[in-house]
Structure formats: structure tokens, C-alpha cells
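Kindly produce the complete structure, drawing on both the sequences and the hints.
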Amino acid sequence: MSDTLALTRRLVSIPSHDDETAAGDAVESWLRAETDAAVRRDDAGNVIARRGEGDRSLALVGHHDVVAPAAEQTAGDEYVVAERRDRLHGRGTADMKGSLAAAMVAFRDADPTEELVFASFVGEEQGGVGARAAIDEGFAPNYAVVGEGSTGYSAPGVTDVAVAHKGRRGSTLHVAGESAHASEPDAGENAVYRACDAVDVVRDLDAPATTVLGHEVRGSVAVTEIDGGSAWNVIPDACTVTVDERTVPGDRAALDRAEAVDGVAWTVDQDLPPMACDDEAFAETVLDAAQEVQDGDPRHVAKPHATDAGWLAAAGTTCVVCGAAEPGEAHTAEESASIDVLERCERLYRRIAESV
Numbered sequence: 000m001s002d003t004l005a006l007t008r009r010l011v012s013i014p015s016h017d018d019e020t021a022a023g024d025a026v027e028s029w030l031r032a033e034t035d036a037a038v039r040r041d042d043a044g045n046v047i048a049r050r051g052e053g054d055r056s057l058a059l060v061g062h063h064d065v066v067a068p069a070a071e072q073t074a075g076d077e078y079v080v081a082e083r084r085d086r087l088h089g090r091g092t093a094d095m096k097g098s099l100a101a102a103m104v105a106f107r108d109a110d111p112t113e114e115l116v117f118a119s120f121v122g123e124e125q126g127g128v129g130a131r132a133a134i135d136e137g138f139a140p141n142y143a144v145v146g147e148g149s150t151g152y153s154a155p156g157v158t159d160v161a162v163a164h165k166g167r168r169g170s171t172l173h174v175a176g177e178s179a180h181a182s183e184p185d186a187g188e189n190a191v192y193r194a195c196d197a198v199d200v201v202r203d204l205d206a207p208a209t210t211v212l213g214h215e216v217r218g219s220v221a222v223t224e225i226d227g228g229s230a231w232n233v234i235p236d237a238c239t240v241t242v243d244e245r246t247v248p249g250d251r252a253a254l255d256r257a258e259a260v261d262g263v264a265w266t267v268d269q270d271l272p273p274m275a276c277d278d279e280a281f282a283e284t285v286l287d288a289a290q291e292v293q294d295g296d297p298r299h300v301a302k303p304h305a306t307d308a309g310w311l312a313a314a315g316t317t318c319v320v321c322g323a324a325e326p327g328e329a330h331t332a333e334e335s336a337s338i339d340v341l342e343r344c345e346r347l348y349r350r351i352a353e354s355v
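Residue 0 is where the sequence shown starts when you use numbering that gives the first Met the number 0, and the numbers rise one by one after that.
Any given hint might turn out to be false.
FRET-style restraints, in silico, Cβ to Cβ [stated by the list, open to error]:
1. ASP17 <-> ARG40: 17 to 23 Å
2. ASP268 <-> HIS180: 29 to 35 Å
3. VAL267 <-> VAL233: 28 to 34 Å
4. HIS214 <-> GLY53: 28 to 34 Å
To be clear, the hints were calculated from the coordinates, so they are not data collected in a lab. Bear in mind the structure is a predicted one, so any value in this text is a computation, not a measurement. Note that beta-carbon positions come from the ideal geometry of N, C-alpha and C, so glycine has one too.
Written as C-alpha cells, this is what we have:
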């Protein structure tokens with residue numbers, strides 16, 4: 000059994016959806032035992048290690064928290080880990096303890112040309128809690144490879160290199176009206192009617208779009224929930240509308256236009272930043288490494304999902320996303336990752352560390 004597979008099995012077995020401490024302990028202890036790197040655990044729970052020297056730094060970045068498992072993914076105090084048909088099954092195999100293990104082994108074995116950094120963050124599934132805390136404390140590598148999924152985008156089984164991904168802005172339109180008895184509707188101001196007018200505004204907005212290194216990245220904007228009214232015979236005096244927007248680098252939908260409707264106020268509840276690689280030479284170096292470690296023909300692609308690369312890019316780090324997870328695997332009861340691809344990612348991360 001390869002070191003990457005053995006370490007993936009160990010990390011995946013450790014529950015980390017409610018409390019990431021034990022998983023962080025495992026990451027930290029392995030790094031201290033297996034490497035001569037300077038390892039630290041910050042107050043947020045992030046594990047950060049550094050080795051090598053140079054004018055520039057490259058970080059291999061992941062996270063050790065996961066979403067809550069399905070019932071069949073747990074057994075007692077551990078998560079179930081199973082190997083079937085050349086794939087490793089279990090919560091976190093794809094998102095993203097498999098790629099995290101590959102990055103740890105690569106961090107240990109690489110002969111880096113510059114300073115090599117490893118970082119495993121907490122709270123990625125809660126909106127980048129760990130990444131933001133690390134950035135606030137000065138975490139600022141020149142380059143980063145974030146090990147979220149990039150396999151299977153251009154073709155099945157091919158590990159591509161994502162040079163961009165969308166962000167997510169979650170918003171609420173708070174709509175005020177004036178209640179009245181439903182038998183005299185003109186005596187009030189119907190908040191639901193006003194909300195419908197605001198929804199029409201959202202429906203007509205242009206979706207954000209841009210181009211990153213020649214690849215089109217197109218966002219979206221959609222109303223996903225409406226909540227209003229208190230009784231069948233009362234004109235509603237309040238209504239809320241939830242809006243999901245997938246943002247792109249440098250462009251947002253003009254949601255503030257909804258406030259032109261009487262009684263409408265717009266608030267932002269979550270804003271996960273998009274990512275765009277700002278260094279074509281770095282993106283090409285990573286793509287060259289991806290081509291060298293596999294038989295397929297990897298491409299530069301764009302991801303639809305937000306990752307911690309968005310926070311790092313916003314803080315000035317040049318990022319790409321490259322990892323084992325395939326579309327549709329993360330957060331599912333059948334979550335799994337290809338063993339061959341996990342081992343490929345270890346070789347890929349090591350090759351990048353020795354090339355940048």
C-alpha cells in the first residue's frame with residue numbers, strides 16, 4: 000500500500016464534521032514524525048508547515064474538515080473507509096482528505112526549488128474560516144496549489160488544472176408592506192406583491208461573465224426561496240426573498256437594482272470570492288506537470304464551485320486548483336476517489352514543487 004493511500008485511509012477514518020481537532024492532530028503528528036519541517040498549529044486550528052528556502056514560496060493547500068456524513072458512512076466513533084473496484088469510499092475521500100494526504104506525502108518527498116509550504120485549514124465548509132484566519136495572521140505564499148477537485152472536467156479520469164472558479168454571494172431581499180384585512184386589500188400594502196416586483200427585477204438581471212486565460216467563466220443569479228404572509232385572511236406586511244448568485248472574477252450582478260422597488264432592502268449574507276489565476280506562466284508550469292504524470296490530455300478549466308483559493312487569491316496569492324475529486328463526488332453518501340488518481344496527485348504535487 001502506498002503512503003498516500005495509507006494516509007488517506009487514516010485521515011478519512013477520523014470524524015471532522017463537528018470538531019476538526021482530532022483530524023488536525025493526525026495531520027500535525029504525521030508532519031512532525033515524517034518531515035524535518037517547521038510545523039505549527041495556529042489558534043484557529045490550522046496546520047502549517049514550511050521547509051526549504053528561496054525568494055518565493057509555493058503552498059500546497061487543503062482542509063481537514065468535512066460535511067456531515069450519511070448514516071452509512073459512520074460506524075461507532077469512526078467513519079467507514081472501504082476499498083471497492085480501485086476506488087476508496089468514505090466521507091472526505093474526495094473532499095478532500097485524499098488530495099490532502101497526497102499533498103502531505105509530496106511535501107515530505109519533494110526537493111523544492113523554493114520555500115515549500117503545506118497548509119491544512121479548518122472550516123472550509125463553513126465559508127473559509129481557517130483560510131481567513133491564516134490570512135489575517137500573515138499567511139501569504141507567492142503561489143498556491145489548492146487540492147480541491149479538478150479531475151474529470153475535460154475528459155473522464157483526466158486530472159485538469161483549474162485556473163478559475165466561481166464565487167457565491169448569498170443575499171436576502173427584505174420586503175416591507177402594511178398589513179390589512181384580506182377583505183379590504185387596498186387598505187394595506189401587500190409585501191408579497193412588492194416581493195414579486197423585486198423578483199422580476201432579479202429575473203431580468205444579466206448574469207456576470209468574464210474570461211480567464213482564454214476560458215469563459217459565466218456566473219448565474221437565481222431566486223431560490225420566498226417566505227411571506229402570516230394567515231390566509233391577512234395582507235402580508237413582510238416578505239423575504241433569497242437570492243443565490245454565482246459570481247465571477249471582476250463582475251457581479253446588479254442586485255442593488257431591486258431596492259428601486261418600494262419597501263425593498265437588500266442585504267448580503269455570504270460572499271465567497273471567486274478565483275482567477277493571474278500568472279499564465281505559473282498556470283502553464285502546473286499544466287506541464289499534470290501532463291507529465293498521466294497518460295491523458297489535461298486542460299486548463301474553470302470550476303463552478305468556490306474554494307479557499309478564492310480567499311487566497313483575494314489576498315494576493317497566485318492560485319490554481321488541482322486535485323483528485325471528480326464532479327458529483329463531494330458531499331454524497333457514495334463519496335469516493337480513484338486510488339490511481341490519488342497517487343497521481345502525489346506525483347503531480349511533487350513535480351510542481353520541484354518546478355516552480
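Taking the hints in turn, this is what the structure says about them:
At roughly 19 Å, the beta carbons of ASP17 and ARG40 sit within the given window of 17 to 23 Å. Restraint check, ASP268 to HIS180: a C-beta distance of roughly 33 Å satisfies the suggested window 29 to 35 Å. Between VAL267 and VAL233 the Cβ separation comes to about 30 Å, which falls inside the hinted range of 28 to 34 Å. With their beta carbons about 30 Å apart, HIS214 and GLY53 fall inside the hinted range of 28 to 34 Å.
In summary, the structure agrees with every hint in the numbered list given earlier.
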